[in-house]
Amino acid sequence: MKTWDPRIEEMPQDELKKLQYRLLKTLVYRLYSFSAFYHERMKDEGVHPDDIKSLEDARKLPFMTKSDLRDNYPDRIFTAARDELVRYHVSSGTTGKPTVVGYTSHDLDLWTTSLARSLTACGLGRGDVIQVSYGYGLFTGGLGMHYGAERIGATVVPTSVGNTERQIELMQDLGVTAIACTPSYLIHIGEVAETMGVSLQNDTDLRVGILGAEPWSEQMRDRISSQLGIRAYDIYGTSELSGPMFCECTEQQGIHIWGDIALTEIVDPDSGEPLDPGEKGELVFTILQKEALPMIRYRTGDITSLDVATCACGRTHPRIGRIQGRVDDMLIIRGINVFPSQIEHALLTIPEVGQHFQIVVDRKGALDTLLVRVEVGRDAFSDKITDLMTIKETVAHRLKNTLNVNVGVELVEPGSLPRFEGKAKRVIDRRVL
Amino acid sequence: MEKKSEYVIKQISVFSENRPGRLAAIAEALRKEKINIFAFSIAEANGFGVVRALVDNPERAHETLTDMGFMVSFTDVIAVKMRDEPGGLYETARILGDAGVNIEYSYAYSGKDAAVLVLRVDQAEEAIERIIEHGGELLSRSLFT
Ligand SMILES: [Zn+2]
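Residue numbers (the numbering used here), protein chains in the order written: chain A, 1 to 433; chain B, 1 to 145.
Warning: the hint list may mix true and false statements.
Unchecked claim - Per the computed footprint, the stretches of chain A lying under chain B, defined by three or more beta-carbons under 8 Å from a beta-carbon of chain B, are:
1. 36-50
2. 406-413
As the list claims (entries may be wrong) - Straight-line alpha carbon distances no greater than 25 Å define the calculated BS3-like cross-link-like pairs of lysine-lysine that follow:
3. A/Lys384 to B/Lys112
4. A/Lys66 to A/Lys25
5. A/Lys17 to A/Lys53
6. A/Lys384 to B/Lys10
7. B/Lys4 to B/Lys81
8. A/Lys384 to B/Lys4
I should point out that these hints are in silico values taken from the structure, not numbers from a laboratory. Yeah, the Cβ is synthetic: ideal placement off N, Cα and C, and Gly gets one too.
Work out the full structure: start from the sequences and follow the hints.
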């Protein structure tokens, strides 16, 4: 099967918009009438359900953020009765309280349907054996993928995370054809396999990776494809929206966001104003059909852009580009938004420099300055100053093209920049504002 | 006639940020290993530099500095004994220029019995041949191994 639900997935765009409008209108009326939280919010904002007269009017509605969930811990904004809930997932907050998401059986079905479409779109189905190496438990990744994979008739190997050698043995013994995990875990599996004398490419049937739950890049995709022989697909979701939900199709030109499930907007992270397709900004979702924890204009904090053109695969639903960073990480340099991840990706395209870098932001007079310190690769070291100057200029040029802002570059000795575990603290902001 | 490669000398080149103490760290490390430094030069650019040195044991110097985390490479250079008279430098430059040999960089140091000019050229063999042809004297690589 190539398309899970062609009637929906290939629906003409004007019909899809009408459907979205109907769903939005229904959702807003329901929440205004039955949820104290949304009722208050809309009153504060001075917007009434009757003011929503078109799909574009969605932008009149107030935003929601993660702190709304935290402030209402655990379930004060749920719009389903406790006995209607069939599951909870809990995401650990790096700061403060965790957030709790509840699901009715309809919510779980919607989530599973979304993944069934997504997994089918990247070529999986009956006959595939899918190893789910996302964590099972309070985290949404494991169980979400599990039910999505079962729905399309694939066979699930629910390995969860860890015990990598056993995962590799099972992969061989059970003829696993696809794996769902984080990109870094897949690379780790590849490395462990190598030490076991197993080539994922030659000694297993593994051909597809459904990778997400952490930021990654096109360069990592190329590496996974060339070193492990695996076609890697980007999957998106956050626990607030149910979990992993949306995935690339085989065209790999962005992640399809099912329009009947979510209304997607990209807004300016500072002003909250809507941005045009193609413009980079904060991803905002309205989950149109959720019962227990509906989300209206939920600000994900993720930065990406939207492509509304019908995809070459025939699906009419809009696509988002790769997540380019987090709003929290955003630096504003001379009025231009700069993300450390953009710098990282640009540096990955220059083999002469290492992947470690440091960003120093300063202010000279009234002007912000951006300095990127990067390690010279040992293989690239030349005795000639001019060669080194060329590397430096290449880096400056590449960064300027990516960021649209002038960047100072400092070449430093390999190994001299601080290494980080987990989330890197790469920015030193010396500006005194 | 001696083989031309006799005169191709292994120079060590070390990448260094322009921060205080890097140079001292290099010199100190070599001293501890009892490696003699014959010649030493620093080429600086905006923000970083390359330290170039002729030492009596380039292999060990390479290993020592690499272990310390420095980025080190070997570069082939030649070393010409300078005639102790005005115009010596000009003459070498002219010989090489006439032969179409480009000098990428050079630096000098004062050796035991004469000043020595260290040259990094794009065609070492050609340069060696021409200098010898013109009666010039080159230092042998055996001094630096
Ligand atoms: Zn598509």
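query: Hint by hint, which ones does this structure get wrong, listed from lowest number up?
result: Of the numbered hints, 1 and 3 do not hold.
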